[in-house]
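Colleague: Protein sequence lines, in the order shown, are assigned to chains U and E.
First residue of the first sequence: 11, per this note's numbering; consecutive thereafter.
First residue of the second sequence: 44, per this note's numbering; consecutive thereafter.
The hints are simulated quantities; they were obtained by calculation from the structure and are not laboratory data.
Hints may contain errors.
What the hints assert, rightly or not - Result set (SDA-like, lysine to any residue): computed pairs, CA atoms no more than 20 angstroms apart in a straight line: (1) U:K109 to E:S61; (2) U:K263 to U:H361; (3) U:K109 to E:L326; (4) U:K385 to U:W454.
Said to hold, decoys possible - One-sided excerpt, in silico: chain U residues whose CB lies under 8 angstroms from chain E: (5) A99; (6) Q287; (7) Q389; (8) Q390; (9) R392.
To be verified - Listing some non-contacts, in silico: residues in chain U with all C-beta distances to chain E over 10 angstroms: (10) Q16; (11) N112; (12) D218.
Every residue gets a Cβ at the ideal spot worked out from N, C-alpha and C, and that includes glycine.
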Amino acid sequence: MTDLYQSQRAMRAMRRAAMQRGVIAILDVGTSKIACLVLRFDGPEAFRDSDGVGSLAGQSSFRVIGAATTRSRGVRFGEVDAIQETERAIRTAVQAAQKMANVRVDHVIACLAGGAPRSYGLAGQIEVEGSTVSEQDVARVMAACDVPDFGEGREVLHAQPVNFALDHRSGMADPRGQTGHQLACDMHLLTVDGNVIANLLYCIKRCDLELAGLASSAYVSGISSLVEDEQELGAACVDMGGGATGISIFMKKHMIFADNVGLGGDQVTSDISKGLQVPLAVAERLKTVHGGVVATGMDDRDLIEIGGETGDWELDRRTVSRAELIGIMRPRVEEILEEVRARLDGAGFEHLPSQQVVLTGGASQIPGLDGLAPKILGQQVRIGRPLRVQGLPQAATGAGFASAVGLCLFAAHPQDEWWDFEIPADRYPSRSLKRAVKWFKDNW
Amino acid sequence: MQQMTSSSNAPRRDPAPSRLAYRMQRLLLTPFFRRLLWVGLPALVLSLVVGIYLSDQARRDGITLWVNDLKATVRERPEFMVKLMAIDGASPGVSDDIREVVPIDFPVSSFDLDLPRMLRDVMALDAVAKADLRVRPGGVLQISVVERIPVAIWRNDDTLDLLDDKGHRVAPLAARAERPDLPLIAGRGAERAVGEGIEIVSAAAPLAERLRGLVRVGERRWDVILEGGQTIKLPEDEPVRALEQVLALDEAQDLLARDVSDVDMRNPRRPTVRLGEVAAETLREIRVMELGAD
Numbered sequence: 011m012t013d014l015y016q017s018q019r020a021m022r023a024m025r026r027a028a029m030q031r032g033v034i035a036i037l038d039v040g041t042s043k044i045a046c047l048v049l050r051f052d053g054p055e056a057f058r059d060s061d062g063v064g065s066l067a068g069q070s071s072f073r074v075i076g077a078a079t080t081r082s083r084g085v086r087f088g089e090v091d092a093i094q095e096t097e098r099a100i101r102t103a104v105q106a107a108q109k110m111a112n113v114r115v116d117h118v119i120a121c122l123a124g125g126a127p128r129s130y131g132l133a134g135q136i137e138v139e140g141s142t143v144s145e146q147d148v149a150r151v152m153a154a155c156d157v158p159d160f161g162e163g164r165e166v167l168h169a170q171p172v173n174f175a176l177d178h179r180s181g182m183a184d185p186r187g188q189t190g191h192q193l194a195c196d197m198h199l200l201t202v203d204g205n206v207i208a209n210l211l212y213c214i215k216r217c218d219l220e221l222a223g224l225a226s227s228a229y230v231s232g233i234s235s236l237v238e239d240e241q242e243l244g245a246a247c248v249d250m251g252g253g254a255t256g257i258s259i260f261m262k263k264h265m266i267f268a269d270n271v272g273l274g275g276d277q278v279t280s281d282i283s284k285g286l287q288v289p290l291a292v293a294e295r296l297k298t299v300h301g302g303v304v305a306t307g308m309d310d311r312d313l314i315e316i317g318g319e320t321g322d323w324e325l326d327r328r329t330v331s332r333a334e335l336i337g338i339m340r341p342r343v344e345e346i347l348e349e350v351r352a353r354l355d356g357a358g359f360e361h362l363p364s365q366q367v368v369l370t371g372g373a374s375q376i377p378g379l380d381g382l383a384p385k386i387l388g389q390q391v392r393i394g395r396p397l398r399v400q401g402l403p404q405a406a407t408g409a410g411f412a413s414a415v416g417l418c419l420f421a422a423h424p425q426d427e428w429w430d431f432e433i434p435a436d437r438y439p440s441r442s443l444k445r446a447v448k449w450f451k452d453n454w
Numbered sequence: 044m045q046q047m048t049s050s051s052n053a054p055r056r057d058p059a060p061s062r063l064a065y066r067m068q069r070l071l072l073t074p075f076f077r078r079l080l081w082v083g084l085p086a087l088v089l090s091l092v093v094g095i096y097l098s099d100q101a102r103r104d105g106i107t108l109w110v111n112d113l114k115a116t117v118r119e120r121p122e123f124m125v126k127l128m129a130i131d132g133a134s135p136g137v138s139d140d141i142r143e144v145v146p147i148d149f150p151v152s153s154f155d156l157d158l159p160r161m162l163r164d165v166m167a168l169d170a171v172a173k174a175d176l177r178v179r180p181g182g183v184l185q186i187s188v189v190e191r192i193p194v195a196i197w198r199n200d201d202t203l204d205l206l207d208d209k210g211h212r213v214a215p216l217a218a219r220a221e222r223p224d225l226p227l228i229a230g231r232g233a234e235r236a237v238g239e240g241i242e243i244v245s246a247a248a249p250l251a252e253r254l255r256g257l258v259r260v261g262e263r264r265w266d267v268i269l270e271g272g273q274t275i276k277l278p279e280d281e282p283v284r285a286l287e288q289v290l291a292l293d294e295a296q297d298l299l300a301r302d303v304s305d306v307d308m309r310n311p312r313r314p315t316v317r318l319g320e321v322a323a324e325t326l327r328e329i330r331v332m333e334l335g336a337d
């Protein structure tokens, strides 16, 4: 656990250094596209020295000065599949964003969708030393959480204390300074496959960039797509991406669950490609231009030219009706939503007070999805698009940029994670001064 | 048709920048490198060109010559020429001295005049209290001088000097008789207390024709020397009042006309007189007579 502390703390320090320098890059490595945003931290809130969230949810501290998107290469199911290809794609995006921003960026905050994320709920309890809860008590209670055996080769991506309880009072955000005897803590731990992270890190390092933060894309899409009361009352964000669909459940402004379905828009495209015997590029065009999930009588008469360049007239002049296209797409979209439903049920989503589901991500833009999704996910479903942030180009405000925008918010105002708190004194190396001070305090 | 399809199937160029191009772009976006490229490189090229051009001795000499010619043509314009010197407020002797210490061959360009140095030279003359140099329009070097006014004669070991009221030497004096109007002062440190000495002399106006001079004793107090070696010893503090006291005594009892060699006023509350040798002898004889011979 110590090396995890070290690496995550180092990342936090690097993020702070980058904010001091004023420029940081956001990298969303997705299956279908790679987006890079360059943020400049120079707003009035940037150097305000206070706790809490600044005005406009902390967004007024930064603006987007460069944005670039490129088609993703070498990524499958949100995981790096071919390192060289991914590195080239990242280079393309970063170079274009730098060119637009006209500034060099050295620090990057990245997110990844794949890696089979797994959520764990942790609980810990200690007796408070002294009468009031101190920083050290908080550190100790978090250290007291019994970490489950999440298996060899898995890395912790997020570890957030979501709830503190002091004696009989639960639901506290910050117990410091309060009086009590027993301090308990609930923590949400998200682990992903270590190799997936290592591959992404390798790609980023090959681009001469330094990683200043890493986040799960399901989490950051939730930050950007859920409005504040949805995050507070409980809601699920379903980020339907190209190769993977991320699910995150928020409650009391904390993520309490995250999961990943390895299905997405690319499966729909490949279904169309197989079903209509067309190349993937054509299938993608058919999907985005003519696609849908609810067929009407009109769609039977709506004939779509498939086109082709084989030279075979019969093959190149084929047409399909839109109803046929919908007939291919709908089962796959239903399958994705069913899978999401199963994951939500497994997480106990039906026990939450609010059953709000927000669909976002590129694949949520299929026309008619807002009619199909309520049949599977329950009545409270809406199609969400990310928050507006200052300076974001119009082309990057769509639902497909939910995780990129969420990463901007994450960079500006990261939620307290385990490594942001103090390390308990007895975990310091034995020669540390803090340990000596604690021994002195205990004995005199 | 076949050709068209084959051209469209030609391997497409990779849109990704090469690693080198990517690094190059990042380097060019680095602020330091940018400044180096846009400021440093032109500066380097410019300095290189100038350096190569100037590396030849003949070219350097040519440039120096050209600059000197240019300077000379400007400074020798008639507008800048100074043709004569005018001295105001100096007596003939002092003005001769000034002409001696500021030797200028007119006409001369005003750029070649070192006015501060000339001012320093003029101020170094003892007789000059204040000097003011300027080049007046019309090519006249104007020197305005305020002379020192001698108020006393200072007798040194074997020379006589004139002093002004600040104790500054004005001019040497060949003989006391040249300036009978000025009082004579002597003694070590006398020049530093000229002001006080003048006050004493002016207070001693009733004794003017008998006054020989003042002597500074021990760099702290004055002795007034009268004709015939009579001495009035004055105290350090308020010597003028002590002197007035002596003058009052003289007025009332004709003190100084008697055979008194010293009047000691060093303690003003207890004036003491020392009798002359003859008077002292006489006084002793009178005392002996009064007491009866032993």
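Colleague: Now tell me if each hint is right for this structure.
Modeller: Evaluation of the provided hints:
no.: 1; hint: U:K109 to E:S61; verdict: 15 angstroms, holds
no.: 2; hint: U:K263 to U:H361; verdict: 17 angstroms, holds
no.: 3; hint: U:K109 to E:L326; verdict: 122 angstroms, violated
no.: 4; hint: U:K385 to U:W454; verdict: 66 angstroms, violated
no.: 5; hint: A99; verdict: 7 angstroms, holds
no.: 6; hint: Q287; verdict: 19 angstroms, violated
no.: 7; hint: Q389; verdict: 45 angstroms, violated
no.: 8; hint: Q390; verdict: 42 angstroms, violated
no.: 9; hint: R392; verdict: 36 angstroms, violated
no.: 10; hint: Q16; verdict: 28 angstroms, holds
no.: 11; hint: N112; verdict: 7 angstroms, violated
no.: 12; hint: D218; verdict: 7 angstroms, violated
Hints 3, 4, 6, 7, 8, 9, 11 and 12, counting from the list given before, are not met by this structure.
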